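K.L.:
Here are the chains, one letter per residue:
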Amino acid sequence: MAAYDGIFDGLGLREWCDVGKEDAPMSMAQLLAQSGGNDAVAEEGGLPFPSLDVLHEACGRIGQTRDLTAGIEQGFLSIRSELKFVLDPITQPLSWMLDGTLWVFQSAPWWLMIPALLLISWLVSRSKSVTAFVGLVLLFFGFIDHYEVAMQTLAIVFVCTGLSVLFGVPIGIGMSKSDTAQRTIVPILDLLQTLPTFVYLIPLIFLFSVTESKLYGIAIILYAIVPVIRLTDLGIRLVDKDVIEAANAFGLTAWQKLSRVELPLALPNIMAGVNQTIMMSLAMVVIASLVSAPGLGVLVLRGIRNLELGVGIVAGLGIVLLAVILDRVSKAALARVDTGRKEH
Amino acid sequence: MTAKVSLRGLYKIFGPNDAAMVPHVQAGMDKTTLLEKHKHVLGLQDINVDMQPGEITVIMGLSGSGKSTLIRHLNRLIDPSAGEILVDGQDVMKMGQAALRDLRQKQMSMVFQKFALLPHKTVLENAQLPLSVQGADKATCDAEGRKWLARVGLEGFEDRYPSQLSGGMQQRVGIARALTANTDIMLMDEAFSALDPLIRTDMQNLLLELQKELHKTIVFITHDLDEALKLADHLVILKDGAVVQQGEPQGILLAPSDPYIEDFVSDINRARVLRVRSVMKPIQSDNFDGEVEASRNLEDMIALTGGDTNHVYKVTDGGEVVGQLDMKDLVKALVPRVSGS
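As they're listed, the protein sequences go chains A and B. FYI, the numbering for the first sequence is 11 to 354, going by our numbering. FYI, the numbering for the second sequence is 239 to 579, going by our numbering.
Treat the hints loosely; a few may be bogus.
[What the hints assert, rightly or not] Straight-line Cα separation of at most 30 Å, DSBU-like style, residue types lysine-lysine; simulated pairs:
1) B:Lys277 to A:Lys187
2) B:Lys468 to B:Lys570
3) B:Lys468 to B:Lys385
4) A:Lys267 to B:Lys385
5) B:Lys385 to B:Lys344
6) B:Lys359 to A:Lys187
7) A:Lys251 to B:Lys269
8) A:Lys251 to B:Lys477
9) B:Lys376 to A:Lys267
10) B:Lys376 to A:Lys251
11) B:Lys352 to B:Lys269
12) B:Lys468 to B:Lys450
13) A:Lys251 to B:Lys359
14) A:Lys187 to B:Lys344
15) A:Lys251 to B:Lys385
16) A:Lys251 to B:Lys344
17) A:Lys267 to B:Lys332
18) B:Lys359 to A:Lys267
19) B:Lys376 to B:Lys359
20) A:Lys187 to B:Lys352
21) A:Lys138 to B:Lys359
22) B:Lys450 to B:Lys519
23) A:Lys251 to B:Lys277
24) B:Lys450 to B:Lys385
25) B:Lys468 to B:Lys344
26) A:Lys187 to B:Lys332
27) A:Lys341 to A:Lys138
28) B:Lys352 to A:Lys251
29) B:Lys332 to B:Lys344
30) A:Lys251 to B:Lys332
31) B:Lys359 to A:Lys341
32) B:Lys552 to B:Lys570
33) B:Lys552 to B:Lys450
34) A:Lys267 to B:Lys344
35) A:Lys267 to B:Lys352
36) B:Lys552 to B:Lys519
37) B:Lys468 to B:Lys352
[Unchecked claim] Computed Cβ-Cβ distance ranges for the label pairs, DEER-style:
38) B:Ala374 to A:Gly110: 41 to 49 Å
39) A:Asp189 to B:Asp505: 42 to 50 Å
40) B:Asn255 to A:Asp189: 16 to 24 Å
In short, the hints are calculated from the structure, not lab data. Remember, it's a predicted structure, so these values are computed and weren't measured experimentally. Idealized CB from N, CA, C, for every residue including glycine.
From just these sequences and the hints, can you work out the full model?
P.N.:
Written out as structure tokens, the structure is:
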């Protein structure tokens with residue numbers, strides 16, 4: 011006799027409940043109760059919480075909780091081939107980009123690669139000290155034989171950040187132009203930011219083969235694109251209303267307003283978003299090594315798996331160093347656009 | 239003379255269902271009742287103003303009187319709830335996006351209280367914005383921008399950034415920007431209110447000087463009666479979103495139609511604002527102490543007579559005799575009509 015039998019009887023649903031009644035697989039509670047040798051419900055002596063499992067005992071038509079999780083899995087698996095059919099070709103360029111960039115970063119000789127990276131740092135930051143620091147860190151990676159893995163990580167971060175900016179800025183612009191778009195997109199961004207990073211690896215593993223680089227590419231981009239979208243939206247919404255009004259009064263078209271007024275004035279915020287995006291893709295690149303992303307993350311993983319303390323710690327500190335140089339370079343660029351408009 | 243810009247029966251009500259509220263207001267519901275009963279805010283009611291070409295129309299009112307809302311209707315930065323806005327006889331309300339943009343680019347330019355310059359562009363780039371928006375080539379933009387910057391006294395500042403200039407200089411850039419657009423109509427929204435008094439006087443003089451040369455149709459918003467009287471050819475006084483009196487400023491000063499305006503004008507230095515033309519009478523006597531120009535102000539006259547009220551002057555305008563000025567009338571005109579007396 012289950013606790014909620016009376017309710018279903020009272021509602022005259024007994025017959026409906028018992029249709030096709032057979033011995034359903036036991037729920038975990040029942041199993042535990044059985045192994046304990048007594049009836050769990052009876053032992054508590056009170057009214058159990060009307061959960062799916064408890065109601066199932068009273069009425070066989072109501073599913074158990076494990077049916078829910080199984081249902082999600084079934085649902086996903088049933089649309090999997092269609093999803094794959096659509097997503098596979100769309101995301102294929104991501105694989106090519108990642109593989110191509112990885113190839114370039116790895117096959118270019120160090121005496122070409124390091125100066126090239128220094129040149130980029132200089133062009134972006136225009137700061138001698140930052141560039142010198144980048145040089146030191148890169149030489150240090152070479153010195154401790156971590157140059158190659160560091161380059162792999164850097165390659166992945168470059169591609170994923172680039173794509174995040176490429177998609178994130180237009181999405182952010184769209185959000186800033188429409189309150190409806192903002193209301194729809196913000197919850198999705200919240201979800202992407204708070205969902206444990208491992209969780210969105212799970213459906214990706216079902217969709218793509220683990221050996222494909224787009225698998226981790228998508229995971230990193232989904233995670234890292236959030237700040238650039240948010241801050242583009244914020245930046246454009248914060249542009250001085252008086253200036254926007256002046257732009258309208260002089261008959262600027264929507265495009266002229268965006269390109270001449272809104273984007274330039276939102277640039278400091280957008281740059282702050284790009285800085286955050288870089289940091290987040292670097293954080294994700296370690297977790298992505300679970301699904302075959304090469305780079306420093308692989309060494310961290312090896313450190314955990316094989317309990318090789320030194321390997322893990324050196325690789326971990328290597329990631330910190332990469333984070334520091336990426337942060338310094340992007341912050342220097344941000345400072346440059348920021349002061350660029352106040353005092354020339 | 240046909241009006242350059244006319245407003246006909248213009249209403250503006252703020253709220254989600256504004257058009258439906260217009261009949262209530264037309265039936266005489268006032269601002270507080272509308273807010274309490276229908277949760278709509280009355281912005282403007284039944285505005286009828288004609289702005290003549292080549293004149294400065296000043297719209298004056300205290301804050302909250304709806305004057306900034308009113309000026310934004312002219313180029314439809316704000317859409318009215320009801321009414322017509324005619325520019326050169328064309329109804330602005332019937333314009334599509336493209337026509338409206340064309341109107342804003344080629345017929346109306348605007349100067350803002352807070353300057354609203356682009357902080358990331360140089361002074362020159364700011365000044366040439368209206369032309370570059372219209373797709374003019376770089377040489378034209380450059381030449382026009384430099385020309386108008388020089389005209390407002392900013393030669394040599396072309397490559398600075400707005401934040402490096404003082405408020406008065408920034409507003410000069412704002413004016414240069416509006417002039418570069420080469421429009422017939424200039425809208426000035428409290429253009430000088432953010433400036434300190436001395437610089438404000440300079441800017442008013444600059445505007446009058448430019449106007450003497452350019453004869454634009456200027457719509458000027460201000461809350462300062464002195465400024466309004468100095469600049470206005472046609473003065474419109476707004477209170478709670480309605481026009482209380484409009485007309486020639488001297489006329490309003492001598493014959494305020496409403497206690498509100500009487501209060502307003504009672505603090506004014508009348509001697510400086512009123513002109514001989516406004517207080518003179520038709521010729522009666524033939525014994526004059528001298529001749530004066532009709533455009534002189536009363537302060538000048540008092541200085542001329544040394545305070546003697548027994549003088550009578552012959553008034554001339556461009557060499558023609560137009561009337562006589564009795565100094566006793568002059569002194570009477572200096573005392574404001576007090577409300578209730």
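K.L.:
So, for every hint listed, does it hold in this structure?
P.N.:
To see whether the hints hold, each was checked on the structure:
1. Taking the CA atoms of Lys277 of chain B and Lys187 of chain A, the gap is near 27 Å; set against the 30 Å cutoff, the hint holds.
2. Between Lys468 of chain B and Lys570 of chain B the alpha-carbon distance is near 22 Å, which keeps this suggested pair within the 30 Å criterion.
3. Taking the CA atoms of Lys468 of chain B and Lys385 of chain B, the gap is near 27 Å; set against the 30 Å cutoff, the hint holds.
4. Distance hint between Lys267 of chain A and Lys385 of chain B is fulfilled; the C-alpha atoms sit about 25 Å from each other, no more than 30 Å.
5. Between Lys385 of chain B and Lys344 of chain B the CA atoms are separated by roughly 18 Å; this keeps the pair inside 30 Å, and the hint holds.
6. For the given pair, Lys359 of chain B sits about 24 Å from Lys187 of chain A by alpha-carbon distance, which is consistent with the 30 Å threshold.
7. With a C-alpha separation of about 27 Å, the suggested pairing of Lys251 of chain A with Lys269 of chain B holds against the 30 Å cut-off.
8. In summary, the hint linking Lys251 of chain A to Lys477 of chain B is supported, as the alpha carbons are separated by about 26 Å, within the 30 Å threshold.
9. Of the supplied pair hints, the one linking Lys376 of chain B and Lys267 of chain A holds, its CA atoms being roughly 19 Å apart against a limit of 30 Å.
10. Straight-line distance between C-alpha atoms of Lys376 of chain B and Lys251 of chain A comes to about 28 Å, which keeps the hinted pair within the 30 Å bound.
11. For the given pair, Lys352 of chain B sits about 29 Å from Lys269 of chain B by alpha-carbon distance, which is consistent with the 30 Å threshold.
12. For the hint pairing Lys468 of chain B with Lys450 of chain B, the CA-to-CA distance comes to about 14 Å; that is within 30 Å, so the pair holds.
13. Between Lys251 of chain A and Lys359 of chain B, the direct Cα distance comes to roughly 17 Å. Compliance with the 30 Å bound is thereby established for this hinted pair.
14. Our distance criterion of 30 Å between C-alpha atoms is met by Lys187 of chain A and Lys344 of chain B, whose separation comes to about 27 Å.
15. Among the hinted pairs, Lys251 of chain A with Lys385 of chain B is consistent with the structure: their alpha-carbon atoms are about 29 Å apart, no more than 30 Å.
16. Taking the CA atoms of Lys251 of chain A and Lys344 of chain B, the gap is about 23 Å. The hint holds against a cut of 30 Å.
17. Taken as a hint, the Lys267 of chain A and Lys332 of chain B pair is honoured in the structure, with Cα atoms around 24 Å apart against an allowance of 30 Å.
18. About 14 Å separates the Cα atoms of Lys359 of chain B and Lys267 of chain A, which keeps this hinted pair within 30 Å; it holds.
19. Restraint check: the Cα-Cα separation between Lys376 of chain B and Lys359 of chain B comes to about 15 Å, which is no more than 30 Å; the hinted pair holds.
20. Annotation: proposed proximity of Lys187 of chain A to Lys352 of chain B holds, straight-line Cα distance about 24 Å (limit 30 Å).
21. Proximity of Lys138 of chain A to Lys359 of chain B is assessed by CA-CA distance (about 27 Å); at most 30 Å being required, the pair is judged to hold.
22. Using a Cα cut-off of 30 Å, the hinted pair Lys450 of chain B and Lys519 of chain B holds, with the two alpha carbons roughly 29 Å apart.
23. Between Lys251 of chain A and Lys277 of chain B the CA atoms are separated by roughly 26 Å; this keeps the pair inside 30 Å, and the hint holds.
24. A threshold of 30 Å between alpha carbons decides the hint, and for Lys450 of chain B with Lys385 of chain B the separation of about 18 Å falls inside it, so the pair holds.
25. For a cut-off of 30 Å, the pair hint linking Lys468 of chain B to Lys344 of chain B stands: about 28 Å separates their Cα positions.
26. Proximity of Lys187 of chain A to Lys332 of chain B is assessed by CA-CA distance (about 25 Å); at most 30 Å being required, the pair is judged to hold.
27. A distance of roughly 14 Å separates the Cα atoms of Lys341 of chain A and Lys138 of chain A; the hinted pair therefore holds under the 30 Å criterion.
28. Of the supplied pair hints, the one linking Lys352 of chain B and Lys251 of chain A holds, its CA atoms being roughly 11 Å apart against a limit of 30 Å.
29. Our distance criterion of 30 Å between C-alpha atoms is met by Lys332 of chain B and Lys344 of chain B, whose separation comes to about 17 Å.
30. At roughly 26 Å between alpha-carbon atoms, Lys251 of chain A and Lys332 of chain B fall within 30 Å of each other, so this suggested pair holds.
31. A hinted pair counts as satisfied when its Cα atoms are at most 30 Å apart, and Lys359 of chain B with Lys341 of chain A qualifies at roughly 23 Å.
32. Simply put, Lys552 of chain B and Lys570 of chain B have alpha-carbon atoms about 18 Å apart, close enough for the 30 Å limit, and the pair holds.
33. Simply put, Lys552 of chain B and Lys450 of chain B have alpha-carbon atoms about 28 Å apart, close enough for the 30 Å limit, and the pair holds.
34. For the given pair, Lys267 of chain A sits about 17 Å from Lys344 of chain B by alpha-carbon distance, which is consistent with the 30 Å threshold.
35. Among the hinted pairs, Lys267 of chain A with Lys352 of chain B is consistent with the structure: their alpha-carbon atoms are about 19 Å apart, no more than 30 Å.
36. A distance of roughly 10 Å separates the Cα atoms of Lys552 of chain B and Lys519 of chain B; the hinted pair therefore holds under the 30 Å criterion.
37. This hinted pair checks out: Lys468 of chain B and Lys352 of chain B have alpha carbons roughly 22 Å apart, not beyond 30 Å.
38. Take Ala374 of chain B and Gly110 of chain A: their Cβ atoms lie about 44 Å apart, and the range 41 to 49 Å holds.
39. For the hinted restraint 42 to 50 Å between Asp189 of chain A and Asp505 of chain B, the CB-CB distance of approximately 46 Å keeps it satisfied.
40. About 19 Å separates the C-beta atoms of Asn255 of chain B and Asp189 of chain A, a value consistent with the hinted range of 16 to 24 Å.
In summary, the structure agrees with every hint in the numbered list given earlier.
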